[in-house]
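Take the given structure of chain Z and dock chain L to it, following the hints.
The listed protein sequences derive, respectively, from chains Z and L. Per our numbering, the first sequence starts with residue 2, numbered consecutively. Per our numbering, the second sequence starts with residue 53, numbered consecutively.
Calculated from the structure, these hints are not laboratory results. A portion of the hints provided could be inaccurate.
[As the list claims (entries may be wrong)] DSBU-like, lysine-lysine: derived pairs with alpha carbons at most 35 Å apart: (1) Lys93/L x Lys23/Z; (2) Lys37/Z x Lys93/L; (3) Lys108/L x Lys41/Z; (4) Lys42/Z x Lys120/L; (5) Lys108/L x Lys162/L; (6) Lys20/Z x Lys39/Z; (7) Lys41/Z x Lys158/L; (8) Lys42/Z x Lys108/L; (9) Lys23/Z x Lys158/L; (10) Lys41/Z x Lys55/L; (11) Lys42/Z x Lys162/L; (12) Lys42/Z x Lys69/L; (13) Lys54/Z x Lys55/L; (14) Lys120/L x Lys39/Z; (15) Lys20/Z x Lys93/L; (16) Lys37/Z x Lys55/L; (17) Lys19/Z x Lys93/L; (18) Lys55/L x Lys10/Z; (19) Lys158/L x Lys37/Z; (20) Lys20/Z x Lys41/Z; (21) Lys108/L x Lys10/Z; (22) Lys41/Z x Lys162/L; (23) Lys55/L x Lys23/Z; (24) Lys37/Z x Lys108/L; (25) Lys39/Z x Lys55/L; (26) Lys10/Z x Lys42/Z; (27) Lys69/L x Lys41/Z; (28) Lys54/Z x Lys19/Z; (29) Lys93/L x Lys10/Z; (30) Lys158/L x Lys42/Z; (31) Lys54/Z x Lys162/L; (32) Lys39/Z x Lys93/L.
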Amino acid sequence: DTEVTQTPKHLVMGMTNKKSLKCEQHMGHRAMYWYKQKAKKPPELMFVYSYEKLSINESVPSRFSPECPNSSLLNLHLHALQPEDSALYLCASSQVPGMNTEAFFGQGTRLTVV
Amino acid sequence: ELKVEQNPLFLSMQEGKNYTIYCNYSTTSDRLYWYRQDPGKSLESLFVLLSNGAVKQEGRLMASLDTKARLSTLHITAAVHDLSATYFCAVDNNSNYQLIWGAGTKLIIKP
Chain Z
2 DTEVTQTPKH LVMGMTNKKS LKCEQHMGHR AMYWYKQKAK KPPELMFVYS
52 YEKLSINESV PSRFSPECPN SSLLNLHLHA LQPEDSALYL CASSQVPGMN
102 TEAFFGQGTR LTVV
Chain L
53 ELKVEQNPLF LSMQEGKNYT IYCNYSTTSD RLYWYRQDPG KSLESLFVLL
103 SNGAVKQEGR LMASLDTKAR LSTLHITAAV HDLSATYFCA VDNNSNYQLI
153 WGAGTKLIIK P
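Chain Z extracted, bound-state conformation:
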């Protein structure tokens, strides 16, 4: 199994809503990532979890709240988002933090904030 699975694939939410993005991998990878990608731009790193602990937060606003319940799951909780937060949100995983950063990406969640 070489897949990273993200749900939902599409999400439309209002600025007062609370929603969550989910990501799952069963490759035994111990690093998991959230990226944000705007159209025609490279992905921007948001968060890195290493062995289920948050190791990198790239100065992301607090309206984005990550959670790693176990080594296979990664969530991104969304609250009070702004229209400019509309983007493709990508989850990724890699084998061992710091040893092999080849990242395998999920299919992404296309988020629209209205």
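Showing chain L alone in chain Z's frame:
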């Protein structure tokens, strides 16, 4: 600070032609990756280059790495329409194991 530059940023070419995408980076790194992204889709890992002189090939794509020149190339041979996509290179930031991404090259291959 590690910076990654790709060129060209946009490339339109005819089927059957050869071309090369370049990825330059500013400081020492041990690892370089090439990814492909189709419109509205996720990122697909194409190549992992781990050492100086590494060369990898998959079908019509060949990637190489020169760590002394801090340069990687992605060469397309006899392009076909199915290779139309955006190609990103990403370089391992040795200090904190993050990936630093190039801006991407949008490749359009016309029949």
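* Asked: Given the hinted pair Lys23/Z and Lys158/L, is their alpha-carbon gap at most 35 Å?
  -> Judged against 35 Å, a Cα distance of about 29 Å means the pair holds.
* To do: Sort out whether Lys42/Z lies within 35 Å of Lys158/L, counting only the CA atoms.
  => holds, 11 Å
* Is it true that the CA of Lys108/L sits at most 35 Å from the CA of Lys10/Z? -> holds, 33 Å
* To do: Assess, step by step, whether the Cα of Lys41/Z is no farther than 35 Å from the Cα of Lys158/L, and give holds or violated.
  => holds, 9 Å
* To do: Assess, step by step, whether the Cα of Lys39/Z is no farther than 35 Å from the Cα of Lys93/L, and give holds or violated.
  => Roughly 12 Å separates the two Cα atoms, so the pair holds.
* Hint consistency between Lys54/Z and Lys55/L [alpha-carbon to alpha-carbon, up to 35 Å] -> holds, 27 Å
* Asked: Is Lys108/L close enough to Lys162/L, meaning Cα to Cα at most 35 Å?
  -> holds, 25 Å
* Below or equal to 35 Å on CA atoms is what counts here, so check Lys108/L against Lys41/Z. => Holds. Lys108/L to Lys41/Z sits at ~27 Å (cutoff 35 Å).
* Hey, Lys42/Z versus Lys120/L, does the alpha-carbon distance stay inside 35 Å? -> At roughly 28 Å apart (the allowed maximum being 35 Å), Lys120/L and Lys42/Z satisfy the hint.
* Asked: Can the restraint linking Lys20/Z and Lys93/L be considered satisfied, given a maximum Cα separation of 35 Å?
  -> holds, 22 Å
* Do the alpha carbons of Lys41/Z and Lys55/L lie within 35 Å of each other, as the hint requires? -> Holds, because 18 Å separates the two Cα atoms, which is no more than 35 Å.
* To do: Take the C-alpha atoms of Lys55/L and Lys10/Z, compute the straight-line distance between them, and say whether it is at most 35 Å.
  => Status holds; Cα separation ~32 Å.
When each numbered hint is compared with the structure, a violation occurs for hint 31 only.
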